[in-house]
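Peer 1: These are the residues of each chain, in order.
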Amino acid sequence: MNQTVIQLDQVSKQYDDQFAVKDLSLTISKGEIFGLLGPNGAGKTTTILMLLGLSEPTSGSVTVCGIDSVRRPIEVKRRVGYLPDNIGFYQNMTGLENLVYTAELNNLPKKQARERAEYLLEKVNLTDAAYKKTGKYSRGMKQRLGLADVLMKNPEVIILDEPTLGIDPEGVRELLKMIQELGKEEGMTVLLSSHHLHQVQQICDRVGLFVKGHLIAEGNVQTLAEQLFDSATLRITVHASPITPELIRRLQELEQVEQVQVVKSGLEITCYEDISAMISKTIVEMGSALTHISQKNFGLDEIYHRYFEGRDLRESS
Amino acid sequence: MNLAKLKNKISFFSVQTESVQAEKGKNSNPSAFMAIVRKEFTDYIRSWRILILGVIILLACIGSLYTAITSISDAIDQAGKEAETLGSDLYLFLQLFTVSDGTLPSFITFVGFLGPLFGIALGFDAINSERNRGTLSRLLSQPIPRDYLINAKFVAALLLNVLLFFSLGLLVMAFGILILGIPPTFEEFLRIFFFLCLCIVYIAFWLNLGILFSVVFKSQATSALSSIAVWIFFNVFYSMIINLVSKSLLNPEKLTSVSEVLNKQGTVLTLMRFSPNYLFSESTTILLSPNVRSLGPLTVEQTVGAVAGPLPLSQSLLLIWPQLTGLVAATLICFAIAYLSFMRQEIRTN
Chain A
1 MNQTVIQLDQ VSKQYDDQFA VKDLSLTISK GEIFGLLGPN GAGKTTTILM
51 LLGLSEPTSG SVTVCGIDSV RRPIEVKRRV GYLPDNIGFY QNMTGLENLV
101 YTAELNNLPK KQARERAEYL LEKVNLTDAA YKKTGKYSRG MKQRLGLADV
151 LMKNPEVIIL DEPTLGIDPE GVRELLKMIQ ELGKEEGMTV LLSSHHLHQV
201 QQICDRVGLF VKGHLIAEGN VQTLAEQLFD SATLRITVHA SPITPELIRR
251 LQELEQVEQV QVVKSGLEIT CYEDISAMIS KTIVEMGSAL THISQKNFGL
301 DEIYHRYFEG RDLRESS
Chain B
1001 MNLAKLKNKI SFFSVQTESV QAEKGKNSNP SAFMAIVRKE FTDYIRSWRI
1051 LILGVIILLA CIGSLYTAIT SISDAIDQAG KEAETLGSDL YLFLQLFTVS
1101 DGTLPSFITF VGFLGPLFGI ALGFDAINSE RNRGTLSRLL SQPIPRDYLI
1151 NAKFVAALLL NVLLFFSLGL LVMAFGILIL GIPPTFEEFL RIFFFLCLCI
1201 VYIAFWLNLG ILFSVVFKSQ ATSALSSIAV WIFFNVFYSM IINLVSKSLL
1251 NPEKLTSVSE VLNKQGTVLT LMRFSPNYLF SESTTILLSP NVRSLGPLTV
1301 EQTVGAVAGP LPLSQSLLLI WPQLTGLVAA TLICFAIAYL SFMRQEIRTN
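Just so you know, the sequences run in chain order A and B. Each residue of the first sequence is one higher than the last, beginning at 1 in the numbering used here. Each residue of the second sequence is one higher than the last, beginning at 1001 in the numbering used here.
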């Protein structure tokens, strides 16, 4: 199960005198959904193109399914489905024709290609639009057709570059669900890049944070936060009355608490560990009525935001 | 016994070649190549601009055929008064392609004019339209070598060219036979065949120029306009510039000897021949008018004693061999540059 599918070893890509990707080492194992996260221009697409052998790394080695992407890109491309960020289809062909064309390029027999195309169109809810010209497809439909297109060759790995770009929230939800199902059902390895943090957080097993060509952190959302900040990662919201200064002082004295903040409806407590039980106990002991207590993990959003906030500070210092 | 051995040997060989092919065929994928060619060809046939250009070329052909037939009939009448047997010597059939009465240009003029336009229309958006539609990265992430795309596009466009111009040429011949009632001689047929091949090489040059620009320029409008600009330059302005140069070169006050005149004339001709249009027109003239015996200036000494008569086909071909080679070379150079720069290009959509 823990078989390595994608391996990048000390990969760098240099454009003129600027590094788009620098000293990137990354391992993704089979069946994993990996999120490549980073702002625009961080080197996500460059990394993906290098994985596919469409772009040659300046140094380092790229291996996909045990095959060297630089030397044998065609074999890699036979096993990897790629959904580019600005996906387009031949507008004067129908959705089905577009898929069958892809199948032909993959040497699938015509009959089998048609069957598979119809099956996949059903899977991405495009059966009704199968005979419509893709020029008339909406953005969301195109993206779903793109997903079907990627799956035409029955790949071992699918790489999705900004799959949720420009789709409405409902469409995003649907698409992400599809991706997740596919990953689990067919045992595919999924690599997806995005700068939409919530979405990545929803479906990815592991996330790599990319900034300016460097992979600055990787792991699941929890460890990512731990890697990035040695500060607190948990926020507990408490609604209680009355809130006395004594209560705040007592809470602050708790070992795991970093900060207590008074907000309109109650208290916001930032802490290192889940200590809601202890907090509620303290509040009750102080004679206040506890009406609500909830905890929230730091989402990627906060990680992201805090990282970049911190970066400005770090750079200026 | 021997037969069985031989059979074994043959099967052994075939197995061997198969395994070699399998090894080679790992990365080459002819059915995918054919799939791209088929798709591109369908796209071309269905596209409006090719339809419109095709119709214009067809109309031009009908027009030129009409004028050619009316003026040839006159020629036949005149020739008929002198001698009944002159028909074959006059190469009347070839005149179908070259003669006009002045109201409409002849077939070769039309082809020389519209052919490049057709080639450019086929080629100018070959690569950059894929890039702009976002299909390029999707296509290249399929298991095909990168050069399949550019090769297949070229092959599809060339196929369309061959089809169109051969059918046009054969149609003109057919109508000629029907209306004039003279069948072409075998030599005339061969000349027309070579002429059509020449047309295709000439159009392939412009096609490749279009493809080259489509690789170099990211915007389709830029590549279309620059290809047309190059075409207009060679069609209209190049000869004007050479005329200007030749005026100063061939100034009669400065020229003293015959050899100097010939020398300078040669220089002017060489300059002219840098234009593919000029190469094409020279070649067509020689191919379709066998009575033209030379492309350069001839001195009186050279013509003395020569028997005025049409050149045989082999001699005509010999005469235009350098022109042909030049055109093919220009075509290949354009394609090579396009190919190389495409192979080195980044495949990013933005």
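It is worth saying that the hints were derived from the structure and are not from the lab. Glycine included, C-beta positions come from ideal geometry on N, C-alpha and C. Be a bit skeptical, because a hint or two may be false.
[As the list claims (entries may be wrong)] The calculated label-pair distances, taken between Cβ atoms and stated as ranges, are:
id, chain 1, residue 1, chain 2, residue 2, range
1, A, Gly-66, B, Ser-1219, 21 to 27 Å
2, B, Phe-1166, A, Pro-39, 53 to 59 Å
3, B, Glu-1260, A, Asp-16, 49 to 55 Å
4, A, Asp-16, B, Leu-1250, 47 to 53 Å
5, A, Gln-14, B, Leu-1250, 55 to 61 Å
Peer 1: Look at each hint and say if it fits the structure.
Peer 2: Hints and how they fare:
| no. | hint | result |
| --- | --- | --- |
| 1 | A:Gly-66 x B:Ser-1219: 21 to 27 Å | violated (41 Å) |
| 2 | B:Phe-1166 x A:Pro-39: 53 to 59 Å | holds (57 Å) |
| 3 | B:Glu-1260 x A:Asp-16: 49 to 55 Å | holds (54 Å) |
| 4 | A:Asp-16 x B:Leu-1250: 47 to 53 Å | holds (51 Å) |
| 5 | A:Gln-14 x B:Leu-1250: 55 to 61 Å | holds (56 Å) |
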